[in-house]
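Residue numbers (this note's numbering), protein chains in the order written: chain D, 56 to 411; chain E, 9 to 253; chain F, 289 to 466.
Some hints here could point you the wrong way.
[As the list claims (entries may be wrong)] Derived lysine-lysine pairs resembling DSBU-like cross-links, with alpha carbons at most 30 Å apart: (1) F:Lys368 - D:Lys391; (2) D:Lys58 - F:Lys446; (3) F:Lys446 - D:Lys391; (4) E:Lys200 - E:Lys11; (5) E:Lys250 - E:Lys190; (6) F:Lys446 - D:Lys284; (7) E:Lys197 - E:Lys15; (8) E:Lys250 - E:Lys11; (9) D:Lys214 - F:Lys431; (10) D:Lys214 - D:Lys241; (11) D:Lys58 - F:Lys368; (12) E:Lys190 - E:Lys239; (13) D:Lys181 - D:Lys286; (14) D:Lys241 - D:Lys58.
[Stated by the list, open to error] From chain D, some residues computed to sit far from chain E (all C-beta separations above 12 Å): (15) Glu126; (16) Leu177; (17) Arg289; (18) Gly331; (19) Leu360; (20) Arg383.
[Claimed, not checked] Calculated from the model, a selection of chain E residues having no Cβ within reach of chain D, i.e. all distances over 10 Å: (21) Phe13; (22) Phe72; (23) Leu73; (24) Leu94.
The hints are simulated quantities; they were obtained by calculation from the structure and are not laboratory data. Yeah, the Cβ is synthetic: ideal placement off N, Cα and C, and Gly gets one too.
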Amino acid sequence: MGKVLMKGNEAIGEAAIRAGCLNYFAYPITPQSEVAEYLSRRLPEVGGVFLQGESEVAVSYMILGAAATGERVFTTSSSPGISLMSEGISYIAGMQIPAVFVNIMRGGPGLGGILPSQADYLQATKGIGHGDCRLLVMAPASVQEAAEMTMRAFPLAEKYLNPVMILGDGLIGQMMEPVEFPDDLKTEPSKKDEWATNGMDTRGSNRRNLIRSLYLDPEVLNQHNLELKAKYDRMQQEEIRYEAYNTDSDYEVLIVSYGTMSRVCRTAVDQLQEQGMAVGMLRPQTVYPFPEEAVGNAAAKKSCLAVASIEMSMGQMLEDVQRSVKGRQPVHWFGKCGGEVPTPEEVIEFVRSLTK
Amino acid sequence: MGKTFAKPEALSDQITHYCPGCTHGVIHRLVAEVIDELDIRGRTVGVAPVGCAVLMYNYFTFDFLESAHGRAPAQATGMKRVRPDLVVFTYQGDGDLASIGMSEIVHAANRGEKITTIFVNNAVYGMTGGQMAPTTMPNQRTTTSPFGRNVDEVGMPIKVSELLASLQTTAYIARQTVILPKHITRAKKAIKKAFQYQIDGRCFSFVEIVSTCPTNWGLTPVEAVKWAEEKMLPYYPLGEIKTPQ
Amino acid sequence: MQSEVMFAGFGGQGILLIAKILAHAAMEDGLEVAWVPSYGPEMRGGTAYCTVVISDRLIGSPIIRNPMHLVAMNRPSLEKFAPMVKPNGVILVNSTLISIDAGRDDVDELRVPVNEIAVRLGNVRSANIVALAAFAARARVVKMDTLRHCVKEEFASKEKLIPLNMAAVDEGEKAAAG
Chain D
56 MGKVLMKGNE AIGEAAIRAG CLNYFAYPIT PQSEVAEYLS RRLPEVGGVF
106 LQGESEVAVS YMILGAAATG ERVFTTSSSP GISLMSEGIS YIAGMQIPAV
156 FVNIMRGGPG LGGILPSQAD YLQATKGIGH GDCRLLVMAP ASVQEAAEMT
206 MRAFPLAEKY LNPVMILGDG LIGQMMEPVE FPDDLKTEPS KKDEWATNGM
256 DTRGSNRRNL IRSLYLDPEV LNQHNLELKA KYDRMQQEEI RYEAYNTDSD
306 YEVLIVSYGT MSRVCRTAVD QLQEQGMAVG MLRPQTVYPF PEEAVGNAAA
356 KKSCLAVASI EMSMGQMLED VQRSVKGRQP VHWFGKCGGE VPTPEEVIEF
406 VRSLTK
Chain E
9 MGKTFAKPEA LSDQITHYCP GCTHGVIHRL VAEVIDELDI RGRTVGVAPV
59 GCAVLMYNYF TFDFLESAHG RAPAQATGMK RVRPDLVVFT YQGDGDLASI
109 GMSEIVHAAN RGEKITTIFV NNAVYGMTGG QMAPTTMPNQ RTTTSPFGRN
159 VDEVGMPIKV SELLASLQTT AYIARQTVIL PKHITRAKKA IKKAFQYQID
209 GRCFSFVEIV STCPTNWGLT PVEAVKWAEE KMLPYYPLGE IKTPQ
Chain F
289 MQSEVMFAGF GGQGILLIAK ILAHAAMEDG LEVAWVPSYG PEMRGGTAYC
339 TVVISDRLIG SPIIRNPMHL VAMNRPSLEK FAPMVKPNGV ILVNSTLISI
389 DAGRDDVDEL RVPVNEIAVR LGNVRSANIV ALAAFAARAR VVKMDTLRHC
439 VKEEFASKEK LIPLNMAAVD EGEKAAAG
């Protein structure tokens, strides 16, 4: 199959199927309802399971239940819906079972708006649910990348027995771009009989499996949390992904930006280059784990005078950038959070203001 | 001579943590006997609730999945939809099912999920320490209704079985009790039917068990049985409320 | 080289569809492309607009304030977006519904009575295809052969509509030349 023109939301749905995930539970919410609409037609064609749940809360537990059997499963939602799902996500992380959640972010807080936003950054990377739980979070900047990240999410969730999140914004979901689904990202579900509650007969075993997150003994719970932390530390070692743009130049300013916002910044970097000003950009593709070392090293370059976190949120990523830069450079923030995506011109004006 | 009374294979050797006079032990045993008799232990997955029975998986010998408060029917839905060959049941108390999980149980029932729910109604929150539940009786004292349940303020107790029976989709809804030996055979029969309907892929099946909680009611086990007979059974009548056509 | 085309009109005029056909044709021509809709409550019957970005290299910002070209299917769209079009761009004006002009002397204003033409062809619903073809023929952002192919593909599941829409492409192309 060659390139096809698809909406991001539909591409995410198709990518999941191509990755071997045939189970989807969801609740409609703008701007990602097209995933559910697409899969409600497509999954029956491939013998999959589609179910519209009664709420995002219920859906997060349908995901939990399905994941507990060891079958691949995923859901999609948008900001307010993810807040509701965060309860279930915490349980899934605590129970150490694999599942994939897609958040096509819209503006907040509260109902906020329905236009693109990146205002769930902190929620996704640091505060998704109660307790010491983390998700592996990937942030696509194009429809193609959304599809590829979705395909990669399933084996990653199984590798870590932990939920993985695709953190896109409304534009990634709504935009159509050419996309192809690489065959080499097709994967088989990994071994699950060790842990899945899929019935002893299924495993041909007399040993029952138990999936839980309750550990009343404080020592045991502490040990459990140390185990989780070891997984998150391993993600830091093995899963960090980012793209560097124009970083071979002697840039005066380093931009850190991800998702749709990074595309605007890329245009700004190109235009500034034409105008004679070198600007580098680091685009985190994983926002948890965050490419801390890469950002720090890029900021340490001699020519670099300032660092800018440019995001469609009120400085949520800024904290990670500051942490990475470790005070070596001043770190500034620019962004908008109402659903209007900043223009390249606005980014250019801001970047220029940093070197005055 | 063979054994005339043995522990079901589906039950483990662990001694339960339940209080004297609590009915969970009896209900667990009935569920285990039914699973043995239907020979489904190897393909059954239980969904444990939040509440007194949160550790119930310690007492059974087949796969178990823990749940969050009220969400067991959603989890069971997820499991059963992706693995229709499994036998999936939830076991929930009144705070879990009739309060925080009302949405999940109503929608699972209304979709006709091919799962079984055992609903243990003892008119009080047990594990959290005797607070008022949606099924607490009028004027019943609890730690959060110290002057008795005031129905003018918080409404009448919810009859969950009747409520679920009002849904057009539902097919097997029964209410039984285990407070006296004479009730136990009927309760077991209902539980067995419920599992059988699931195995046959016929319907969502639901068995409410009217139960006692001497500890949180502040009564002796014997007084608790009497209280349940006098106060609860007239309001929560026993029998098959709905059976498949 | 990058060009951006904004399509605007009433909801129901088939704005998103012709934008998609153009994007598809550009993709078939081997170009990079992004189709960016406005979405939300305003999509339920009000003004609809949609931008297609076409480029010979990776597309940066898909959000365009000043498009290269505009296809205006109704008057409010022309009034709102004509001032934003870059100099030397093409503005296609649906002159059946729009009596005013674009008010720009630095653009190529192409006035085509697309509704009238579509009615003459037998179905006013093909007005959007007339507009698309007229615009594409004038602005030369995609090959006309590719566009024809993509129109056919779009209506593949409603085969009865293919002759009408192919005629609409022909008429649009003619109008652009005239």
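Outcome of the hint check:
1. F:Lys368 - D:Lys391: holds (23 Å)
2. D:Lys58 - F:Lys446: The hint holds at about 23 Å.
3. F:Lys446 - D:Lys391: violated (43 Å)
4. E:Lys200 - E:Lys11: With a Cα-Cα distance of about 23 Å, the restraint between E:Lys200 and E:Lys11 holds, given a limit of 30 Å.
5. E:Lys250 - E:Lys190: Between E:Lys250 and E:Lys190 the Cα gap is close to 22 Å, so the pair holds against 30 Å.
6. F:Lys446 - D:Lys284: violated (56 Å)
7. E:Lys197 - E:Lys15: holds (18 Å)
8. E:Lys250 - E:Lys11: violated (37 Å)
9. D:Lys214 - F:Lys431: violated (47 Å)
10. D:Lys214 - D:Lys241: Judged against 30 Å, a Cα distance of about 15 Å means the pair holds.
11. D:Lys58 - F:Lys368: With a Cα-Cα distance of about 35 Å, the restraint between D:Lys58 and F:Lys368 is violated, given a limit of 30 Å.
12. E:Lys190 - E:Lys239: holds (18 Å)
13. D:Lys181 - D:Lys286: With Cα atoms ~15 Å apart, D:Lys181 and D:Lys286 stay inside 30 Å; holds.
14. D:Lys241 - D:Lys58: Roughly 17 Å separates the two Cα atoms, so the pair holds.
15. Glu126: Given that some Cβ of chain E is not farther than 12 Å from that of D:Glu126, nearest at about 4 Å, it is violated.
16. Leu177: holds (23 Å)
17. Arg289: For D:Arg289, whose nearest Cβ neighbour in chain E is about 25 Å away, the distance exceeds 12 Å, so it holds.
18. Gly331: About 57 Å separates D:Gly331 from the closest Cβ of chain E, which puts it past 12 Å; holds.
19. Leu360: Answer for D:Leu360: holds, closest chain E Cβ roughly 50 Å.
20. Arg383: holds (44 Å)
21. Phe13: About 24 Å separates E:Phe13 from the closest Cβ of chain D, which puts it past 10 Å; holds.
22. Phe72: Given a closest Cβ separation of 5 Å, the condition is violated.
23. Leu73: violated (5 Å)
24. Leu94: violated (5 Å)
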